[in-house]
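*Asks:* Sequence:
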Amino acid sequence: METRARMKQRMAIEDAFWWQKARLKWDLKGDKNTSYFHNCVSFRHRRLHIHKVEMEDDGQVKEPGAVKTAISSYFKKVYAKVPIALDDDFLQAVPAIISENENQMLARPPDKEEILAAVGVLGTQNAPGADGFLGGFFRATWDIISDDLLDVVNIFLSGFELPKEISSTLMVLIPKVKNPSLFSDF
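All the letters of the sequence shown, read from the start, carry residue numbers 48 to 233 under this note's numbering.
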């Protein structure tokens, strides 16, 4: 009986894997044809794969590792933090449109209910985040994780820098044209 339970668990894990990879709502249709989902994943990978990029110096990069490096370098430059010096006179010219009560409400740390409301709008079956968890995970485990999540949010809001694993950005390049090769094509 234990073997049957393990087999059922492994099959559920495989179903979840292919569902996430194919990003289809096959679950609702009752279809569990793994070769179909494998083909969907393969097609999607071929369609979304960046085969080459044109560099600013008129060169081309085709090797996958070099393509990743070129893309990473380009967007690091685009999103580089540039220090901005604000003049106090400039801030004095900005009219105050938020009342003191509104300002206090906006500045107060969120409570569990407010965080739960934010968690509640996460899609249960959307693609997982960088941590690998679907929105439904956070709702299903709320009783277990709520205190820790509240602590992390409050630590961040009190000015501490979050660890890189939490604050990293996942950037998705969405092509504007078919077969993109220039950075401006994304």
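Everything labelled a hint here was simulated from the structure, so no lab data went into it. As the structure is a computational prediction, the values presented were derived from the model and not from experiment. We treat Cβ as the ideally placed atom computed from N, Cα and C, and that holds for glycine. Mixed in with the good hints, there may be bad ones.
Stated by the list, open to error - Label-pair ranges, simulated between beta-carbon atoms:
(1) 57 - 225: 36 to 42 Å
(2) 167 - 140: 16 to 22 Å
(3) 148 - 179: 37 to 43 Å
(4) 183 - 158: 18 to 24 Å
What the hints assert, rightly or not - Each computed SDA-like pair below joins lysine to any residue, with the alpha-carbon atoms no more than 20 Å apart:
(5) 115 - 147
(6) 99 - 192
(7) 109 - 128
(8) 115 - 218
(9) 99 - 86
(10) 115 - 202
*Asks:* Next step is simple, just say for each hint if it's right about the structure.
*Replies:* Here's how the hints hold up against the structure:
| no. | hint | in the structure |
| --- | --- | --- |
| 1 | 57 - 225: 36 to 42 Å | holds, 39 Å |
| 2 | 167 - 140: 16 to 22 Å | violated, 40 Å |
| 3 | 148 - 179: 37 to 43 Å | holds, 41 Å |
| 4 | 183 - 158: 18 to 24 Å | holds, 22 Å |
| 5 | 115 - 147 | violated, 48 Å |
| 6 | 99 - 192 | violated, 43 Å |
| 7 | 109 - 128 | violated, 29 Å |
| 8 | 115 - 218 | holds, 12 Å |
| 9 | 99 - 86 | violated, 23 Å |
| 10 | 115 - 202 | violated, 33 Å |
Hints 2, 5, 6, 7, 9 and 10 from the list above are not met by this structure, while the remaining hints are.
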